[in-house]
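Number of protein chains: 2
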Amino acid sequence: MTPASSSEFDQGIALRPDGEAGWYRGELGEGWQIGGGINGGFLLAAAANALRQELPQHPDPLSISGYYLSASTPGPYTVRTEVVRKGNSLSNATAVLYQQDEHGQQVERLRVLASYTDLAALDAEVGTAAEPPAMPPREQCIGAEHAPPQFVEQAALLRRFDLRLDPACVGWALGQPSGNGRIQGWFRLADDREPDPLALLLVADALPPVTFDLGRPGWAPTIELTVHLRALPAAGWLRVSHATRNLAGGYFEEDCEIWDEAGRLVAQSRQLARTPRAK
Amino acid sequence: MTPASSSEFDQGIALRPDGEAGWYRGELGEGWQIGGGINGGFLLAAAANALRQELPQHPDPLSISGYYLSASTPGPYTVRTEVVRKGNSLSNATAVLYQQDEHGQQVERLRVLASYTDLAALDAEVGTAAEPPAMPPREQCIGAEHAPPQFVEQAALLRRFDLRLDPACVGWALGQPSGNGRIQGWFRLADDREPDPLALLLVADALPPVTFDLGRPGWAPTIELTVHLRALPAAGWLRVSHATRNLAGGYFEEDCEIWDEAGRLVAQSRQLARTPRAK
Numbered sequence: 001m002t003p004a005s006s007s008e009f010d011q012g013i014a015l016r017p018d019g020e021a022g023w024y025r026g027e028l029g030e031g032w033q034i035g036g037g038i039n040g041g042f043l044l045a046a047a048a049n050a051l052r053q054e055l056p057q058h059p060d061p062l063s064i065s066g067y068y069l070s071a072s073t074p075g076p077y078t079v080r081t082e083v084v085r086k087g088n089s090l091s092n093a094t095a096v097l098y099q100q101d102e103h104g105q106q107v108e109r110l111r112v113l114a115s116y117t118d119l120a121a122l123d124a125e126v127g128t129a130a131e132p133p134a135m136p137p138r139e140q141c142i143g144a145e146h147a148p149p150q151f152v153e154q155a156a157l158l159r160r161f162d163l164r165l166d167p168a169c170v171g172w173a174l175g176q177p178s179g180n181g182r183i184q185g186w187f188r189l190a191d192d193r194e195p196d197p198l199a200l201l202l203v204a205d206a207l208p209p210v211t212f213d214l215g216r217p218g219w220a221p222t223i224e225l226t227v228h229l230r231a232l233p234a235a236g237w238l239r240v241s242h243a244t245r246n247l248a249g250g251y252f253e254e255d256c257e258i259w260d261e262a263g264r265l266v267a268q269s270r271q272l273a274r275t276p277r278a279k
Numbered sequence: 001m002t003p004a005s006s007s008e009f010d011q012g013i014a015l016r017p018d019g020e021a022g023w024y025r026g027e028l029g030e031g032w033q034i035g036g037g038i039n040g041g042f043l044l045a046a047a048a049n050a051l052r053q054e055l056p057q058h059p060d061p062l063s064i065s066g067y068y069l070s071a072s073t074p075g076p077y078t079v080r081t082e083v084v085r086k087g088n089s090l091s092n093a094t095a096v097l098y099q100q101d102e103h104g105q106q107v108e109r110l111r112v113l114a115s116y117t118d119l120a121a122l123d124a125e126v127g128t129a130a131e132p133p134a135m136p137p138r139e140q141c142i143g144a145e146h147a148p149p150q151f152v153e154q155a156a157l158l159r160r161f162d163l164r165l166d167p168a169c170v171g172w173a174l175g176q177p178s179g180n181g182r183i184q185g186w187f188r189l190a191d192d193r194e195p196d197p198l199a200l201l202l203v204a205d206a207l208p209p210v211t212f213d214l215g216r217p218g219w220a221p222t223i224e225l226t227v228h229l230r231a232l233p234a235a236g237w238l239r240v241s242h243a244t245r246n247l248a249g250g251y252f253e254e255d256c257e258i259w260d261e262a263g264r265l266v267a268q269s270r271q272l273a274r275t276p277r278a279k
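Chains as they are written, first to last, in this note's numbering: chain E, 1 to 279; chain L, 1 to 279.
These are computed hints drawn from the structure, not numbers from a lab. Watch out, some of these pointers could steer you wrong.
Treat identical chains as interchangeable: a pair holds within one or across any two.
Claimed, not checked - Think about it this way: if two alpha-carbon atoms lie no more than 25 Å apart in a straight line, the pair counts; the simulated SDA-like pairs of lysine to any residue are:
no.: 1; residue 1: Lys-86; residue 2: Phe-151
no.: 2; residue 1: Lys-86; residue 2: Val-96
no.: 3; residue 1: Lys-86; residue 2: Gln-140
no.: 4; residue 1: Lys-86; residue 2: Arg-138
no.: 5; residue 1: Lys-86; residue 2: Gln-106
no.: 6; residue 1: Lys-86; residue 2: Gly-104
no.: 7; residue 1: Lys-86; residue 2: Pro-132
no.: 8; residue 1: Lys-86; residue 2: Ala-173
no.: 9; residue 1: Lys-86; residue 2: Asp-166
no.: 10; residue 1: Lys-86; residue 2: Asp-255
no.: 11; residue 1: Lys-86; residue 2: Ser-178
no.: 12; residue 1: Lys-86; residue 2: Gly-37
no.: 13; residue 1: Lys-86; residue 2: Gly-143
no.: 14; residue 1: Lys-86; residue 2: Ala-121
no.: 15; residue 1: Lys-86; residue 2: Gln-100
no.: 16; residue 1: Lys-86; residue 2: Pro-177
no.: 17; residue 1: Lys-86; residue 2: Gln-154
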């Protein structure tokens with residue numbers, strides 16, 4: 001169902017029809033694990049790929065919301081899709097991603113609700129006041145090769161990425177978090193697979209939790225992640241920033257912006273996640 | 001199903017069971033119209049009220065996403081709810097709000113996906129870096145009584161509110177929009193009904209479209225609205241700010257913050273809406 005491709009990402013989200021109309025199956029690879037589960041952005045991309053199969057006229061998510069119901073694990077999964085409405089410029093659809101638990105019970109991992117469109121057909125007007133995040137050139141940024149080994153061990157995911165973090169946002173790796181609640185850097189898939197709307201869903205959840213920069217080194221389970229795809233990304237490197245302002249009640253929001261090499265704000269996302277316990 | 005109340009809002013979102021388990025019906029009042037349709041925040045609150053009936057242990061939305069499928073009109077509606085998961089601290093559920101079209105066909109107006117919790121039981125920790133919006137005291141702000149009549153005509157909704165806009169954000173009413181993409185003000189329901197989580201869903205979409213401040217006076221249909229409820233609001237006035245940064249491709253995001261009288265950031269929301277045509 002997915003264009004033949006040698007890219008790790010395309011192979012990772014590849015699907016097969018699963019008999020009944022609207023059902024698909026795939027396999028979550030160990031390489032997309034983070035802190036013991038499968039990365040939430042990757043899972044959203046897998047579900048979004050199933051929806052794309054059902055909406056040939058509107059292949060791109062414009063807005064997509066994922067609610068995470070249980071921790072997904074490497075292994076097979078199935079996706080059930082439902083097309084709710086096919087419109088002229090937008091279509092709406094839902095998806096449910098399931099895995100079998102250790103008792104053979106089908107368990108929901110992720111529920112998705114989305115509006116799909118054809119991003120290539122959007123109005124060309126751009127009247128943005130947003131500025132790309134200011135960060136040093138890539139050669140002055142910090143790659144995963146400098147990350148603490150115990151961190152990389154928990155994040156097989158990092159080997160899929162060429163991620164170069166702004167040195168101003170990596171104090172946490174040395175036990176000196178800035179306290180600003182901001183992590184940003186340059187991003188590219190390690191195998192140089194170029195960005196597209198599905199890859200941007202992965203990128204929206206690809207950086208370390210912004211709570212690392214607040215001295216909370218634990219993993220932060222995502223409750224909800226909504227991504228707005230605002231333009232087709234140009235080929236090349238992406239600039240990604242994650243920031244939080246309101247850590248309260250045991251939860252925090254993480255706002256993400258993704259800028260492409262042409263200097264266009266191509267995606268905006270916000271997630272609500274559970275705050276890791278303070279050390 | 002809704003506590004007996006003389007408040008316009010509680011009466012507006014009041015529901016009755018509709019036979020089958022999980023189904024409810026209600027009536028959309030003309031008083032909640034804006035630009036010809038029913039206000040999107042009000043519609044989300046009506047659906048959220050149906051979900052609340054199904055989740056007595058977790059009565060409050062923590063995160064709720066609404067996708068708007070067609071313009072709703074005054075008159076009867078039905079809501080179908082589905083509880084997806086009941087957990088210890090969170091439950092997940094979906095809702096679909098329907099109306100009959102002029103041919104008697106059942107049409108979907110709104111699809112909702114949400115995580116519910118008990119906001120009163122949240123961890124008390126607050127470590128926020130967010131600051132309430134700076135705005136003048138209420139007596140220096142501008143009430144709807146000063147709004148252009150042709151504007152109020154299209155917005156019966158405004159009569160339900162005691163809304164006092166920051167004078168710095170109302171230049172658009174005089175044909176002199178600031179161009180900042182920001183509208184903020186003080187909010188209270190006109191009948192003094194105190195804020196609660198369902199009312200905050202209405203408030204998240206209650207101000208004029210932020211595009212007014214960019215010289216785009218038309219109505220801006222909401223594609224998707226996600227609200228994060230971060231705390232139970234204190235009684236009294238709310239401070240509400242709407243801002244946009246990225247108007248592109250025929251769409252714009254509208255970020256909303258709602259602060260309560262105790263100075264707590266009680267809700268954060270973002271919507272993706274269609275940009276009104278330039279004059």
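Unmet hints by their number, sorted upward, for this structure: 1, 3, 4, 7, 8, 9, 10, 11, 13, 16 and 17
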